[in-house]
Amino acid sequence: MSEKPHIVKSYEEQLQLLKDTIVKMGTGVEKQLENTIQSLVKKDISLAEKSIKDDELTDKYEINIEEQVVNLIALRQPMAIDLRETVVALKVSSDLERIGDLAKNISKRLTKIGTDLPNDITKNFEIAGLKASKQVNAVLNSYLHRAKDTAENVWNSDEEIDQMTNSNMEAAVKHLEKNKKDIQKVTQLLFMLKNIERIGDHATNIAEQVYFLITGDYLEGDRPKG
Amino acid sequence: MSKIKAENVNVYYGSKQALFDVSIDIAEKEVTALIGPSGCGKSTFLRCLNRMNDVIEICRVEGSIKMDNLELNSRKLDVVRLREKVGMVFQKPNPFPKTIYENVAYGPTIHGIAQSKEEMDQIVETSLKKAALWNEVKDRLDEIGTGLSGGQQQRLCIARAISVSPEVILMDEPCSALDPIATAQIEELIDDLKKEVTIVIVTHSMSQAARVSQKTGFFHLGKLIEFGPTDKIFKNPDNQQTQDYITGRFG
Numbered sequence: 001m002s003e004k005p006h007i008v009k010s011y012e013e014q015l016q017l018l019k020d021t022i023v024k025m026g027t028g029v030e031k032q033l034e035n036t037i038q039s040l041v042k043k044d045i046s047l048a049e050k051s052i053k054d055d056e057l058t059d060k061y062e063i064n065i066e067e068q069v070v071n072l073i074a075l076r077q078p079m080a081i082d083l084r085e086t087v088v089a090l091k092v093s094s095d096l097e098r099i100g101d102l103a104k105n106i107s108k109r110l111t112k113i114g115t116d117l118p119n120d121i122t123k124n125f126e127i128a129g130l131k132a133s134k135q136v137n138a139v140l141n142s143y144l145h146r147a148k149d150t151a152e153n154v155w156n157s158d159e160e161i162d163q164m165t166n167s168n169m170e171a172a173v174k175h176l177e178k179n180k181k182d183i184q185k186v187t188q189l190l191f192m193l194k195n196i197e198r199i200g201d202h203a204t205n206i207a208e209q210v211y212f213l214i215t216g217d218y219l220e221g222d223r224p225k226g
Numbered sequence: 227m228s229k230i231k232a233e234n235v236n237v238y239y240g241s242k243q244a245l246f247d248v249s250i251d252i253a254e255k256e257v258t259a260l261i262g263p264s265g266c267g268k269s270t271f272l273r274c275l276n277r278m279n280d281v282i283e284i285c286r287v288e289g290s291i292k293m294d295n296l297e298l299n300s301r302k303l304d305v306v307r308l309r310e311k312v313g314m315v316f317q318k319p320n321p322f323p324k325t326i327y328e329n330v331a332y333g334p335t336i337h338g339i340a341q342s343k344e345e346m347d348q349i350v351e352t353s354l355k356k357a358a359l360w361n362e363v364k365d366r367l368d369e370i371g372t373g374l375s376g377g378q379q380q381r382l383c384i385a386r387a388i389s390v391s392p393e394v395i396l397m398d399e400p401c402s403a404l405d406p407i408a409t410a411q412i413e414e415l416i417d418d419l420k421k422e423v424t425i426v427i428v429t430h431s432m433s434q435a436a437r438v439s440q441k442t443g444f445f446h447l448g449k450l451i452e453f454g455p456t457d458k459i460f461k462n463p464d465n466q467q468t469q470d471y472i473t474g475r476f477g
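Chains as they are written, first to last, in the numbering used here: chain H, 1 to 226; chain G, 227 to 477.
Calculated directly from the structure, the hints in this document are not laboratory data.
There's no promise every hint is true.
What the hints assert, rightly or not - Computed cross-link-like contacts, DSBU-like style, restricted to lysine-lysine with a CA-CA straight-line distance of at most 30 Å: (1) H:K180 with H:K123; (2) G:K324 with G:K343; (3) H:K4 with G:K449; (4) G:K461 with H:K91; (5) H:K42 with H:K194; (6) G:K420 with G:K458; (7) G:K318 with G:K355; (8) G:K458 with H:K9; (9) G:K343 with G:K311; (10) H:K4 with G:K461; (11) G:K461 with H:K24; (12) H:K148 with G:K458; (13) G:K458 with H:K19; (14) H:K4 with G:K458; (15) G:K461 with H:K148; (16) G:K231 with G:K458; (17) G:K255 with G:K302; (18) G:K461 with H:K19; (19) H:K91 with G:K458; (20) G:K461 with H:K9; (21) G:K449 with H:K9; (22) H:K148 with H:K19; (23) H:K180 with H:K108.
Claimed, not checked - Selected chain G positions facing chain H (in silico; Cβ < 10 Å): (24) K311; (25) M432; (26) F460; (27) N462; (28) T468; (29) Q469; (30) D470; (31) I472; (32) T473.
C-beta atoms are modelled at their ideal positions from N, C-alpha and C, and glycine is treated no differently.
Build out the structure end to end from the sequences listed, making use of the hints.
In structure tokens, the structure reads:
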């Protein structure tokens, strides 16, 4: 359904502000994730540090969105599409905050172990990380453009990251068997790989929310899992 | 189970058509809310259910409205008997300028329901209890009903309506003149009454429709645009006009 503007302009403005804040938060989280992954790719630890620092802003956005949502519910009693818009914003902001947290966690581990890491594993990490970033970007676009099909694609393609994570973890363990001296670094990398997989899960959660926002229905069936 | 089934109801005020082919199934012992902008026909439809439109000379009702297979739109229908079965509560509390007791006893008296003073006392007490007013008025039943507060007056009108044990109660914006506490009391009462009675309520308050009803119908320009479970109407209506109205995008 295409929406006409509300009769009460201030209500229209409040809902628009909520959408804009989600988009801003999402853009920030995308940048955080990009810096985290590029820190390893470019062997530039300052990018990881930037990602850690930027997580403060992500957390602030989450609180701000929560305040906006509580105000809208208390003062406007949104209905139908507006109710979905409001509830979905709360849930999406929570998933975005988790993505930011996971990116920060990866960055923290990087600052501990440095960027001089086994090449085969970092390559795997890079591929999975870029795939997760792509998923986050796609799902935010689906939110921005109200694109149901894009949300469904994200939902359906999370299994690729799951599969990557499984094989990457196996590869890391194999590497460890041959290179016992790397135990500290590889242990950290295992957590980092797992975090990438979790980021994919949160992108999938957001896809479910965007689908609900647009259609009012829930994505049905079991999500494909790797 | 359906209590009232309206099919292709058309209503005219002189040459002006007010309702167009309205068909609706009103479920028994549920609350059905009718919403829509002023002049959309929701009150006109409500008034078809107890033949209140009969008092408007130029009004003509076509189509079928059946209550338990009884055709309400038949000329042969005993309208007085119908109004015993289908009570009504209006926007503005309108107790009679009589005592609280007499207000409630009026219906049972004209319909010859009570056989004795004791029986009438019992009906008055039960009706006032069901209307959640008994405790507030039991010591002053001989005081004039119009002396009560607005919320109490409305509950008195509900007690008056239920005193003849109706099967259906029609409410036309029953809370629009009441404060939030009195409104909550009426809404609690509606919740309670629906265990025994079918209720149809016209309201301009979206949140009230959402709170009290199980089914909601949206009227616009004399047509029933959408009718369905209340949660569906307020979370994800099928019709764009319904959504525009309930979200405040109308016009």
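30 Å Cα cutoff - pair K461 (chain G), K91 (chain H): holds (17 Å)
Hinted pair K461 (chain G) and K19 (chain H), Cα distance within 30 Å: Given pair K461 (chain G), K19 (chain H) holds - Cα atoms ~19 Å apart, limit 30 Å.
| request: Below or equal to 30 Å on CA atoms is what counts here, so check K4 (chain H) against K449 (chain G). | output: holds (21 Å)
Exercise. Minimum Cβ distance from N462 (chain G) to chain H below 10 Å?
Worked result: Holds, about 3 Å.
Review point. How about D470 (chain G): closest beta carbon in chain H under 10 Å, or not?
Key: holds (6 Å)
Holds or violated: K458 (chain G) to K19 (chain H), with C-alpha atoms at most 30 Å apart: Holds. K458 (chain G) to K19 (chain H) sits at ~24 Å (cutoff 30 Å).
| Is the hinted pair K91 (chain H) and K458 (chain G) satisfied, with a Cα-Cα distance of at most 30 Å? | holds (21 Å)
- Query: Are the Cα positions of K461 (chain G) and K9 (chain H) separated by 30 Å at most?
  - Reply: holds (22 Å)
### Message
Next pair to validate is K449 (chain G) with K9 (chain H); report whether the Cα-Cα distance is within 30 Å.
### Response
holds (29 Å)
Legend entry - Residue hint I472 (chain G), partner chain H, criterion CB-CB below 10 Å: With a closest approach of 5 Å, the I472 (chain G) hint holds.
- Query: Does the structure keep K420 (chain G) and K458 (chain G) at a Cα separation of 30 Å or less?
  - Reply: holds (20 Å)
Q. Does the structure keep K461 (chain G) and K148 (chain H) at a Cα separation of 30 Å or less?
A. Between K461 (chain G) and K148 (chain H) the Cα gap is close to 18 Å, so the pair holds against 30 Å.
Hint compliance for this structure: hint 24 is the single one not met.
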